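Place chain E on chain W using the hints.
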Amino acid sequence: MLSVLIWIPIISAAIIGFWPGNAIEPSRARLVSLTVAGIVLLWNVFILLKFDISYPGMQFQEYLPWNETLGLNYQLGVDGLSILMLVLNSFLTWIAIYSSNKNTERPRLYYSMVLLVSGGVAGAFLAENLLLFFLFYELELIPFYLLICIWGGEKRAYAGIKFLIYTAVSGALILATFLGMVWLTGSHSFAFDAVSTQNISAGMQLLLLGGIVLGFGIKMPLVPFHTWLPDAYVEVSAPIAILLGGVLAKLGTYGLLRFGLGMFPQAWSVIAPSLAIWGAINAIYGAVIAIAQKDIKRMVAYSSIGHMGYILLAAAASTPLSLVGAVAQMFSHGIILAILFHLVGIVEAKVGTRELDKLSGLMSPIRGLPLISALLVLSGMASAGIPGLTGFVAEFISFQGSFSTFPIPTLLCVVASGLTAVYFVILLNRTCFGRLQNNLAYYPKVVWAEKMPALILASLIIFLGVQPTWLVRWSETTTTSMVAVIPTPEKTVISEIALK
Amino acid sequence: MDFANIASQLNAGTILPEGIVIITLLGVLIVDLILGRTSSRWIGYLAIAGLLTAIVALYFQWDATNPIGFTGSFNGDDLSIIFRGIIALSAVVTILMSIRYIEQSGTALAEFIAILMTATLGGMFLSGASELVMIFISLETLSISSYLLTGYTKRDPRSNEAALKYLLIGASSTAVFLYGVSLLYGLSGGQTELSAIANGIAAANVSQSLGLVIALVFVIAGIGFKISAAPFHQWTPDVYEGAPTPVIAFLSVGSKAAGFALAIRLLTVVFPLVADEWRFVFTALAVLSMVLGNVVALAQTSMKRMLAYSSIAQAGFVMIGLIAGTDAGYSSMIFYLLVYLFMNLCGFTCVILFSLRTGTDQIAEYSGLYQKDPLLTLGLSISLLSLGGIPPLAGFFGKIYLFWAGWQAGLYWLVLLGLVTSVVSIYYYIRVVKMMVVKEPQEMSDVVKNYPQISWNLPGFRPLQVGLIATLIATTVAGILSNPLFTLANNSVANTPILQAEKIASTQASAIITEQAE
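Order-wise, the sequence lines are chains W and E. Sequential numbering of the first sequence, starting at 0, is according to numbering that gives the first Met the number 0. Sequential numbering of the second sequence, starting at 0, is according to numbering that gives the first Met the number 0.
Hints in this document: simulated from the structure, not taken from any laboratory. Do not rely on the hints blindly, as some may be mistaken.
Said to hold, decoys possible - Quick partial rundown of chain W residues pointing at chain E, CB under 7 Å, derived from the structure: (1) L178; (2) Y441; (3) V445.
To be verified - Far from chain W, some chain E residues (derived; all Cβ distances over 10 Å): (4) S38; (5) T325; (6) N449.
Bear in mind the structure is a predicted one, so any value in this text is a computation, not a measurement. Each residue gets a CB set at the ideal place from its N, CA and C atoms; glycine is no exception.
Isolated chain W, as found in the complex:
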């Protein structure tokens, strides 16, 4: 059942890429991949409906022996932590393909790379074996490099190689940690349930957890390791930015939750205070740097860094509530970032610039881009955490859950959330409001097909904002059971320290 999510995209990627001759015409490539992504999305929704939310463990498990010598088995499963990420992945893949330019150069390579990434990400979320996870994790590397380098902006070569090196280093760290985890536990298999870190000495646990935090922190990204992100996000085309920010960044946070918190509960509670502070720094840093930006895409990129800080804070607090908040934040950040990038892409395509100094008056009903601006306002509000939209729900739950454990970092994050509102107001003020410049404003019409993804995303954002149960119900049991493993006495000690 779950294999379908991985193999349909990958096999169709191979077919689109390698089909000899012109049996798949380049112009059809988009249609074919859209169909494939649609099928996968429907299948994913079907799995979501069949998902039993009262069961905390892995569901729909699949098992195939693969390589006994390496302890690598084809072992899949889905639980509350990953189900939303899977849906997000297939949903955003569909959106990304839909919003791709119809006249993309070299369409067959483009769509096959997008589908390959999608299948690989699904595999990473589904894997129940460390090595299998790593395999799918590294599988993103080359397709994304090509997507940045071929269809990117002006400085794409630089951005691409930077992305490649950062991600490869992150992969090396993760692999080293995985090898260490498995060998120190004396297990002969990389399966999740075969690896229990309980009997590793505390020092080793901290070392391994450090590797996990660094490895996934590069991907998330956390502050000193984030420098690849603005370059990569800015240089890629809008649909790829949706995938990169919406889906790939979630691999980092998912890895942190699954392998950091899930596999090292004791060591996690030791380093949690510093992680909380790190999260707060991330949030403030992202917001402050975003205020200084003159390019909308760059602003959105830094906003993404800031939002990752909330997730880290919530994960560090690791109360049942804050973890639910973290998962909700991951999902809502995914859809909000997707709509923002999509709208920015449309603005860039129609107006021809992304500079805050050159844009103005897009709200103008007749000659501007009124609907796009309205949606931009809505999504900026969602990102800043205005009630009634999904961003608020996620942030509020995370802060509510974290406050009891780490009050000061939480307050700092609330401040950062305020700063988010500041730069989004700057962004909206400079783009949507004001007057159109008469000599420049002859923008092409935005056709309905281009607005569709944004409308779908916007209605989803509003729906989840007013009906948040649908956002949080999937992960509740799983996260509660994850928290139950964390030793409690240390937690009280830590909260005392934090209070002082």
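Chain E alone, transformed into the frame defined by chain W:
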């Protein structure tokens, strides 16, 4: 001594595969003498058929009950079979590549094939040789043929220079090796057979004496030269650049595999008493090779030179398995060498194909190739990415197994270094992929703009295509469907008495050392 007894001690059946190679080799030479140049149309296929028959013969020798032949000077155990298979297979692919290349250079194909098969023969005998003289002779057979092959395109000054360099360095390293070997003969009280030497040294109570250490170092100098480990690597970039490309394809796989086969046999059987010492030396070699190979490869502009440094680095990775010295370590080496065969030969086939069509092998000239030659682009990209260890290609699984085995044996720093240098290696491998795939049509190099119409029907192109597609498929799926190869590698180690005996010997050795300490 009656005749039957001698026959059973000779046990000549163990070298049946080599016998087939010899017959084919002579056949190639004689046919060439009789028919002259006209035979060059099919003489390559004759050689390939012979080598494939030899591989089939190897298959039937798997798990032979009595592998020791020629009164102990040749050991046809499973370990040797797998290495002989690798060498023969690399010769097969090399011939597929060279049919067109050698024809185009205006030299005789049959002579080339004959020398190549002699080198193969030397390598195959080296894999199973278990006696000092036998080792030396087969090593020399391999080396001398390699010198000849390197300078085969004798009108090209670069080829001549490469041959001279290779000859001078090779001959001196063999001399050093010979000195080490003669020391072993003396230390052990006049034994030449490997296990007898080990016993002789143990009995003579010279364990860890200065003489043994010097012998070890001299032997390692010879081995390090063959596998192009870092301080003994200086010939590699120059030879790779100057020699005919099919020759370096063979040197990078066949000759290297022979070197590793020799390393395993010699070090585990003869030097269990100084196991810590040779592990230490090889750790140093591995560190140097990984760092130097990968870092210097970043700065190369010629494809062949880049692959030369890459092969130095890859040798460093393989040495991790040798240093680990466990069953998993040895079998990870074997597995890596197997997949290295596919990826490197696939890469070199593409390089040959490109230089046959355009006459150059500068990396910058590859830019924009995807439009003109998609198959070549695909083959070279896949093989280079596999060399970089990108999943789900064969090289990824090879590296994972090496690192896994290294980690199990406690070589944490070495594995971490391997991981870091792999990241570095991805950078220079992907540079080529970027040239070919990412560049826009207007950024195409002049060479690619004038790229000839692709035609596989020219003489000698069909075998190149077959070789390319076969190695490409193998590189792609050998990782995903790696179980048979894993089983093969594991079994060959588990069924090899010398590697199993080594553990006992090393425990005995440590017992002796502790006794002496007391």
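Outcome of the hint check:
The beta carbon of L178(W) comes within 4 Å of a beta carbon in chain E, closer than 7 Å, and the hint placing it at the interface holds. The interface hint given for Y441(W) is violated, since its Cβ lies 29 Å from the closest Cβ of chain E, which is over the 7 Å cut-off. Because the smallest distance between the Cβ of V445(W) and any Cβ of chain E comes to about 29 Å, over 7 Å, the interface hint for this residue is violated. Under the 10 Å C-beta cut-off, the non-interface status given to S38(E) relative to chain W holds; the minimum distance is some 36 Å.
With a closest Cβ-Cβ approach of about 12 Å to chain W, T325(E) is found to remain outside the 10 Å limit, as its non-interface label requires. Separation of N449(E) from chain W is adequate, the least Cβ-Cβ distance of about 22 Å exceeding the 10 Å criterion.
Taken one by one, the earlier hints fail for this structure at numbers 2 and 3, listed in ascending order.
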